[in-house]
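Number of protein chains: 2
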Amino acid sequence: MRGAVIGIVIGLVVGVVIGATVIAPRLTSPRQQAGLGNAGGGNSPAPLLPAKAKPSVHWKMASAYPASLPLLGTLAKRLERKIWRVSGGEIEIKFFAPEALVPSREIFDAVASGAIDAAFSSPGLWSGKIPALQLFAAAPFGPGPAENMAWVYLGGGRELFEEIYRKNGLHGVFCGLATAEAGGWFRKPIHVLEDFKGLNMRILGLGAKVMEKLGVVTSGFSEGDLFMALESGAIDAAEFSMPAIDFQLGFHEMSKHYYFPGWQQPSTFFDLMINLDKWNALSSTAKSRIEAVCGDNVRHGLAESEAMQFTALKEFTAKGIAIHRWPAEIMEALDGAWREVAAEEAAADGDFRRVWNSLTSFREDYAIWKELGGP
Amino acid sequence: MRGAVIGIVIGLVVGVVIGATVIAPRLTSPRQQAGLGNAGGGNSPAPLLPAKAKPSVHWKMASAYPASLPLLGTLAKRLERKIWRVSGGEIEIKFFAPEALVPSREIFDAVASGAIDAAFSSPGLWSGKIPALQLFAAAPFGPGPAENMAWVYLGGGRELFEEIYRKNGLHGVFCGLATAEAGGWFRKPIHVLEDFKGLNMRILGLGAKVMEKLGVVTSGFSEGDLFMALESGAIDAAEFSMPAIDFQLGFHEMSKHYYFPGWQQPSTFFDLMINLDKWNALSSTAKSRIEAVCGDNVRHGLAESEAMQFTALKEFTAKGIAIHRWPAEIMEALDGAWREVAAEEAAADGDFRRVWNSLTSFREDYAIWKELGGP
Numbered sequence: 037m038r039g040a041v042i043g044i045v046i047g048l049v050v051g052v053v054i055g056a057t058v059i060a061p062r063l064t065s066p067r068q069q070a071g072l073g074n075a076g077g078g079n080s081p082a083p084l085l086p087a088k089a090k091p092s093v094h095w096k097m098a099s100a101y102p103a104s105l106p107l108l109g110t111l112a113k114r115l116e117r118k119i120w121r122v123s124g125g126e127i128e129i130k131f132f133a134p135e136a137l138v139p140s141r142e143i144f145d146a147v148a149s150g151a152i153d154a155a156f157s158s159p160g161l162w163s164g165k166i167p168a169l170q171l172f173a174a175a176p177f178g179p180g181p182a183e184n185m186a187w188v189y190l191g192g193g194r195e196l197f198e199e200i201y202r203k204n205g206l207h208g209v210f211c212g213l214a215t216a217e218a219g220g221w222f223r224k225p226i227h228v229l230e231d232f233k234g235l236n237m238r239i240l241g242l243g244a245k246v247m248e249k250l251g252v253v254t255s256g257f258s259e260g261d262l263f264m265a266l267e268s269g270a271i272d273a274a275e276f277s278m279p280a281i282d283f284q285l286g287f288h289e290m291s292k293h294y295y296f297p298g299w300q301q302p303s304t305f306f307d308l309m310i311n312l313d314k315w316n317a318l319s320s321t322a323k324s325r326i327e328a329v330c331g332d333n334v335r336h337g338l339a340e341s342e343a344m345q346f347t348a349l350k351e352f353t354a355k356g357i358a359i360h361r362w363p364a365e366i367m368e369a370l371d372g373a374w375r376e377v378a379a380e381e382a383a384a385d386g387d388f389r390r391v392w393n394s395l396t397s398f399r400e401d402y403a404i405w406k407e408l409g410g411p
Numbered sequence: 037m038r039g040a041v042i043g044i045v046i047g048l049v050v051g052v053v054i055g056a057t058v059i060a061p062r063l064t065s066p067r068q069q070a071g072l073g074n075a076g077g078g079n080s081p082a083p084l085l086p087a088k089a090k091p092s093v094h095w096k097m098a099s100a101y102p103a104s105l106p107l108l109g110t111l112a113k114r115l116e117r118k119i120w121r122v123s124g125g126e127i128e129i130k131f132f133a134p135e136a137l138v139p140s141r142e143i144f145d146a147v148a149s150g151a152i153d154a155a156f157s158s159p160g161l162w163s164g165k166i167p168a169l170q171l172f173a174a175a176p177f178g179p180g181p182a183e184n185m186a187w188v189y190l191g192g193g194r195e196l197f198e199e200i201y202r203k204n205g206l207h208g209v210f211c212g213l214a215t216a217e218a219g220g221w222f223r224k225p226i227h228v229l230e231d232f233k234g235l236n237m238r239i240l241g242l243g244a245k246v247m248e249k250l251g252v253v254t255s256g257f258s259e260g261d262l263f264m265a266l267e268s269g270a271i272d273a274a275e276f277s278m279p280a281i282d283f284q285l286g287f288h289e290m291s292k293h294y295y296f297p298g299w300q301q302p303s304t305f306f307d308l309m310i311n312l313d314k315w316n317a318l319s320s321t322a323k324s325r326i327e328a329v330c331g332d333n334v335r336h337g338l339a340e341s342e343a344m345q346f347t348a349l350k351e352f353t354a355k356g357i358a359i360h361r362w363p364a365e366i367m368e369a370l371d372g373a374w375r376e377v378a379a380e381e382a383a384a385d386g387d388f389r390r391v392w393n394s395l396t397s398f399r400e401d402y403a404i405w406k407e408l409g410g411p
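Heads up: the protein sequence lines correspond to chains X and U, in order. Just add 36 to wherever you are in the first sequence, counting from 1, and you've got the numbering used here. Just add 36 to wherever you are in the second sequence, counting from 1, and you've got the numbering used here.
Pulled out of the complex, with its shape left as it was, chain X reads as follows:
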C-alpha cells in the first residue's frame, strides 16, 4: 500500500511535468509559432500554415463571389488565409462558394439569424432590404477610393454603417475596396442623349434608377443569362464590373463598345458581415485580429484593383474593342438624373437620408482639399 502511494506521488510529479512541458506544447503548437520561431536563427523552414491547430473561432463564411473571380473572390480567399495566419490558427473563417451554404439572396437573413456565422459581400447587395447600404458600397458620382476611405473611417461613415447593421443583428467590418468600374458595354456607340431612349440595359441598383430617368429600360440579369441576352441582341448594353473582371468574363466577345468612366461606381467597398452575437462574444484580441486583417484587405484591394486594369485595357485594344469616354452632354445628364434619384431615395427612407446627408456634407468639406491637393 505504501509502495502504491509512493508510486502515485512519483507518477503524478513526473506526469505533471511531462504533461505541462511535453504534451501541452504539442497540443498548442500553433500558438508557439506566435513568438520567435527558433532561437537557432530560423534556418529550418516553418510550415506556412499551422497544420494541427484547433481553432477557438471556427466560422463558416458565405462568399457572394466565386473564388475564381479576380479581386472580389480573391479578396474573400485572402481574408480566410490571412486571418488563419495572423491568429496562429486560432481563428478559422472558412470560405464557402456562392450557393454552397444558402442561396445568395438569403445571405443577409442567414447571417442575421445566426444560421451562418459570416459572409463576404458588399453592402450594396442588400438594397432590397436597406436602401441606405448602397451608399456604403458605391454611390453614383460618389467618392473615389481615397475619399471614400476618408469618409468611412474618419468622416462618420463607419459609425452609421455599424448602427444600421446592429439594428439588423449584424456587425460589419469593411474588408475590401475596389477602384472605379467601367461604364458598361454597348452593342452600338452612344453619341447623344437620344440614343439612351428605349435602350435595353443590364444595370443594377442606384445606377439603374439613374438610367431609367434617361429613358433606358433596365433589367438585372444574373451572369449566365446576361451573356446569352447580350450575345443574342435581346439586350443592347450591360454594365458589370472593372476592365480586368469584364475581360476574364469575356464581355468583349459579345459587344464592341466600352464606355468610361463608370460614373455609377467610382469605388466599391466590400465587407465581412458577422452575426452580432458572435461578434460580441469574441475577445478583444480576436476582434483586433479581424479588424487588422480586414483593414489590410482594404489596402490590398485598392492596390490590386489599381494595378490590374491596364493589362485588360491593352488586350481590349488589341482585340479591336472601341474604348470611349462618355460625351460631356451625357455625363451632365447622368449627373442631373442622379441628383433627382438621390433626392427621391432620401425623401423615401430615413436611413438613406441620414447617410446621404453625412456623405454629402463630408464631400463638401473634402472638396476644399481635393481641388488644391491634386496634381
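Rather than coming from a laboratory, the hints here were simulated on the basis of the structure. Being a predicted model, the structure only gives us computed values, none of them experimental. Among the hints, a few may not be true.
Same chains, same names: a pair is fine if it fits in one copy or spans any two.
[As the list claims (entries may be wrong)] With a straight-line Cα cutoff of 27 angstroms, these simulated BS3-like cross-link-like pairs (lysine-lysine) come out: (1) Lys355 / Lys406; (2) Lys224 / Lys130; (3) Lys350 / Lys406; (4) Lys292 / Lys406; (5) Lys323 / Lys96; (6) Lys224 / Lys355; (7) Lys224 / Lys406; (8) Lys323 / Lys113; (9) Lys314 / Lys233; (10) Lys130 / Lys113; (11) Lys130 / Lys323; (12) Lys233 / Lys355; (13) Lys233 / Lys249.
Dock chain U against the given chain X, drawing on the hints supplied.
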C-alpha cells in the same frame, strides 16, 4: 513492488492530464485571450491590453517623428498599440521618441548593426546613404497614393525596396502612407519663374535639387531653426509637410502665401525598418502579424491624411492666408527640371536607375487606366 508500479502508472496518467489541461494553460494565459472571450456572452469587459503578458518579441523602435506630430508620429504609436493587441501581448514594438535611443541621423546604421531592433521612418530620410530610397518615399511629380500603392505592392516596387534594404542588413515593411503635401510657404507671392532666382528656401532631397535648377538657393534647416529663419526673414520660403501638420506647427504665423500642389511629394510612404537577422528569426506567424498591422497602418494613413487637411485649410483661410495654385508656367518648369534631375541621379547610381526605370515603366502602363478610370 507491483503496487508501486501500478501507482506510478496511475500517477503518470493523472499527472499528464493535469499537467496538460490545468497547469499548462495557466502558464500560457495571455494566449487564451486570442479566442473566444467568455462563453457567457461577453458581458464582463475584457481588458484592452493583456496585463501580464511576457512578450516573445520585445523590440525597441526608434521613431523619426515625435508622438505628438499628427499622422507621422501617431502612425508610429498606432503601430506600437496595434501589434500588441493583434499578438495578444506576444509582440512588443516599443516606441521611442527621436533622439531617445540614438541621434536621428544614426537610425539607419543603428538598426543595420542591431544596436536597436527597429525604426519607424520614411525611406526618403536615408538619401545621403542610398539615393534610390527616395523613390520609395516620395518621387517629385510621381504617383499619387493609390498609384504608389499599385506600384509598390503589385508593380515590383516592394521587391526592389526589400532587395536594397537586404544588402544593408535590413528588412523593411511599408507601414504608413500620406497623401500629397503642400507646395510650401512663401513670404512673397510667386508670379513668374523669375521670382525663383536667388530665393532662399528650406527644402530637402530631390525637391531641393529641382528648385536649384531654377535658381533657388536651398537649405535644410531642422524644425526649430527653420521657424526662426523664416520669421526673421533670413529665408524667403520653406516647404515642410501637409496643411494639417503645417497648421499644428504654426507656419501661418511666419509667412502668408501657401502654394499648391506639392509637386515634390504627391504621396509619401513610411516604413518599419527592422534589423535583418531579427526579422529572419521571427516565426511566420509573427511576420504575418507585423505585415497585417503595417498594411492596415497604410490604409489608415491614407484615410486619415485625406480626411485631416480641409479643417486646416479652412483655418488658414479664416486667418487671412493667401492660398495659391502654382502658375502653369512654373509647374512646367518644375516638371522639366525634375526630368533633368532624375536623369542625372539615374546616371550616377545603379540602384536609383533600376528603381526609376521600374517606376517609370509602371507609370506608362498605369496611365492607360488613369486616363479612363478617373471622373
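We went through each hint and held it up to the structure:
no., hint, in the structure
1, Lys355 / Lys406, "between (36 angstroms within a copy, 20 angstroms between copies)"
2, Lys224 / Lys130, "neither (44 angstroms within a copy, 61 angstroms between copies)"
3, Lys350 / Lys406, "between (30 angstroms within a copy, 13 angstroms between copies)"
4, Lys292 / Lys406, "between (35 angstroms within a copy, 21 angstroms between copies)"
5, Lys323 / Lys96, "both (17 angstroms within a copy, 26 angstroms between copies)"
6, Lys224 / Lys355, "within (17 angstroms within a copy, 55 angstroms between copies)"
7, Lys224 / Lys406, "between (36 angstroms within a copy, 25 angstroms between copies)"
8, Lys323 / Lys113, "both (19 angstroms within a copy, 19 angstroms between copies)"
9, Lys314 / Lys233, "neither (49 angstroms within a copy, 66 angstroms between copies)"
10, Lys130 / Lys113, "within (9 angstroms within a copy, 33 angstroms between copies)"
11, Lys130 / Lys323, "both (17 angstroms within a copy, 22 angstroms between copies)"
12, Lys233 / Lys355, "neither (29 angstroms within a copy, 52 angstroms between copies)"
13, Lys233 / Lys249, "within (10 angstroms within a copy, 57 angstroms between copies)"
Violated hints, listed in ascending order, are 2, 9, 12; each of the other numbered hints is respected by the structure.
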